Amino acid sequence: MKSLSTKTKGSLLSIFIFIFCLFLWHIATVPKTSKAPTSASSNSAEYNALMSGNSMDGGQKSGFPTLTQMGTTFYEKLSHPFYDNGPNDKGIGIQLLFSLGRVGLGFSLAMLIALPLGFLIGMSPLIYQALNPFIQILKPISPLAWMPIALYTIKDSSISAVFVIFICSIWPMLINTAFGVANVRREWLNVAKTLEVNPFRKAFLVILPAAAPTILTGMRISMGIAWLVIVAAEMLVGGTGIGYFLWNEWNNLSLSSVIFAITLIGTVGMLLDTLFGQLQKMVSYAD
Amino acid sequence: MQINKSFLKVQNLSKSYNSNSAPVFEGINFEIQKGEFICIIGHSGCGKTTILNVLAGLEKATSGYAFMMEREINGPGLERGVVFQGHALMPWMTVLENVCFAVKSKYPDWTKAQIEEQANKFLALVGLSGANKKKPSELSGGMKQRVGIARAFAIEPQMLLLDEPFGALDALTRGVIQDELLKICKETNQTVFMITHDVDEAILLSDRIMLMSNGPNAKIAEIVVNTLPKNRQRATLHHEAKYYPVRNHLVDFLVNRSKQLQAEAAQGKVLTNYEPLVVYPGLEESTIN
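In order, the protein sequence lines correspond to chains A and B. Sequential numbering of the first sequence, starting at 1, is according to this note's numbering. Sequential numbering of the second sequence, starting at 1001, is according to this note's numbering.
Simulated from the structure, these hints should not be mistaken for lab results. All values derive from a computational prediction rather than experimental measurement. Glycine residues also receive a C-beta, built at the ideal position from the N, C-alpha and C atoms.
Quick look at which bits of chain A chain B covers, simulated, 3 or more residues with Cβ under 8 Å:
#1 191 to 197
#2 206 to 216
#3 278 to 287
For lysine to any residue, the following SDA-like pairs were computed, each having C-alpha atoms within a straight-line distance of at most 20 Å:
#4 LYS1134/B <-> ALA286/A
#5 LYS1112/B <-> LEU205/A
#6 LYS1134/B <-> LEU205/A
#7 LYS1135/B <-> LEU208/A
#8 LYS1135/B <-> LEU205/A
#9 LYS1060/B <-> GLU187/A
#10 LYS202/A <-> LEU1078/B
#11 LYS193/A <-> PRO1091/B
Pulled out of the complex, with its shape left as it was, chain B reads as follows:
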């Protein structure tokens, strides 16, 4: 059994904002292994961000547990780095100061020089060495988001939580940063949990894609294993043989089945210990339960 060995484990998580209305999501169960890149996709209001916030320790679930490295997640912690939806940089600090603020929080005993060296290293990694002394307001949206990523990486977290980090970016910038993110994650064998709305982004980046049905009563309906080769590139992604099977599966789910599943769930199907379907689109044994 690898249950106790998985890096991150979520058990029967549910969240309701008041006691007499239906829960936003319920019966959420999944596991993440070290070094995996997981994307979670679902329509707005299904509670993706809430799940991420629970993993980050910023919000409490109504019931259920989340464990990381066999310890329950009870609050925010430096072993988890978060990249927020709206970059969340402090506008009164320069780019370097923003990253140094995080580094100093993680390594309070370091000297100023050590802290700056670490910050500069990660700013260079996202290609922002030249913008050290600038204030966030002088940067473009893409650059701000990169600083946010550098800040999260600079504390060398065990796990990275990304809440729709590229949602506000244009397609070109998004592609460039996706490549950078993929490169850094490979280099550092980073475990990542990422929310996205972009199906192609999920196919490019992730090892597994979690599909959520609509809220309320949302659940993780399916876990799609990415059957594309590991060395996939953004430029040639759409030429991969498995690209369309995976993509069609994801889009079909979002367009049709996420609604049906919600209707079923609302009728009161038992959801405790619900295990999502694991699917391998494009492979012969199309569904393995």
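Isolated chain A, as found in the complex:
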């Protein structure tokens, strides 16, 4: 064991913790004859009452899915990810693509505005002073608070969701871009000055690469927030997407599908974050 690296040991420990949690889950959900579940919080008692009152098909006492049920759900959902049986019955792959599409669209629009505007704010103290109050007031507003206004003005629920993603991902990008641009090291700017570099070359060859790590940090934070918000937004607007799927499965009282959706949201979120982490690595420089 001594020869193993910390990374390997960590992975082994992760697997162990995972198995242990599954084991706890199994213990907690194993079918029992008694009506009350082992860990009877008030919530699960309510679920329990609900489940035993309504669903007569399953012979299970506890409403919470067992590991076997979870496994079946995962298998079913993942083996046919792209089927489409009408508005309320689409494969999980399709739902995910809808969500990712909205996030991608809203995020890209935010990028188109935040990067040039951030550049401008970072370059000009005047514009910074002028726009700072607006940014400070708009930034802390929960993106979902924009939903009614979006729905009223845009009148299209799907585009409203994209707008909400846009508005929530614009701030970290804007602020980080402005900060990165404003804090480009003076000596690099002096080099550009003494070489009489034209503004266009200076912006793209000096300021942009110098600020890129900070900008990418902002984009990474934005993407994280966008992925958090899309689930909530889709629960509100309905129709398609992973958030809608989750809410729909809750209405079906299919907890195993809800848990499946949660796991998927987490996994995709992690993948997105890893992607931006990689991009960040590509543009960062050792000094």
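Starting from the known structure of chain A, fit chain B onto it as the hints suggest.
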């Protein structure tokens, strides 16, 4: 009169950072001829770097003028190459790209091949041909500073401004790069204005050494003409007959007189058109005014 013919002329330069405090320096007057190597020595805070920045066009003086080739210096320009104190290389570019960036700025019409050829030529001159593809972070401090020098030389400036270029280097590396710098400057008849804290470095490299009194109210108190022979070598420098007279003069100034002069200046001596003393340490006529 050679006043109008001198390559670089500084007249009554002064700088104060706010109007109600004493100026950092005032009444700065000097001239530099083409091909001269000038070092400027003074304690921290006397405004050496500010003077250099004014010559580079990066900072504005509060009053006074600087002319180069009979044109006033109003901003940065490609005819002046600057080597910065902290090398100031772009860490996201390779060594070659750093130099090419400068070359392309000077010669925007050149082809990529021409630009790289020029960059490689000057990298070879500072002995860095092998490190072309490396990032600055992979280089030692001395190598980084050499890239900075190659970058400044590659734009073939009329004048080179060096802000304590070897301050962060160990003595051995410093010696090697000093030799290289001296060699290149001789080959190209380069005019150089350099800030240093190192008395020996000044004696080795420069034709004339400007001594600044302490700030605030700093001025160029003396201009010491280097009386050592032109072909002086770093290895034998301390055996030269004039070495100790020059060195003692410089050290005496820095240790004792720079403070006295500041005190005098603070008492409000008139400094407009102040002309620094020109001294020839080690020669019979020890002071010629």
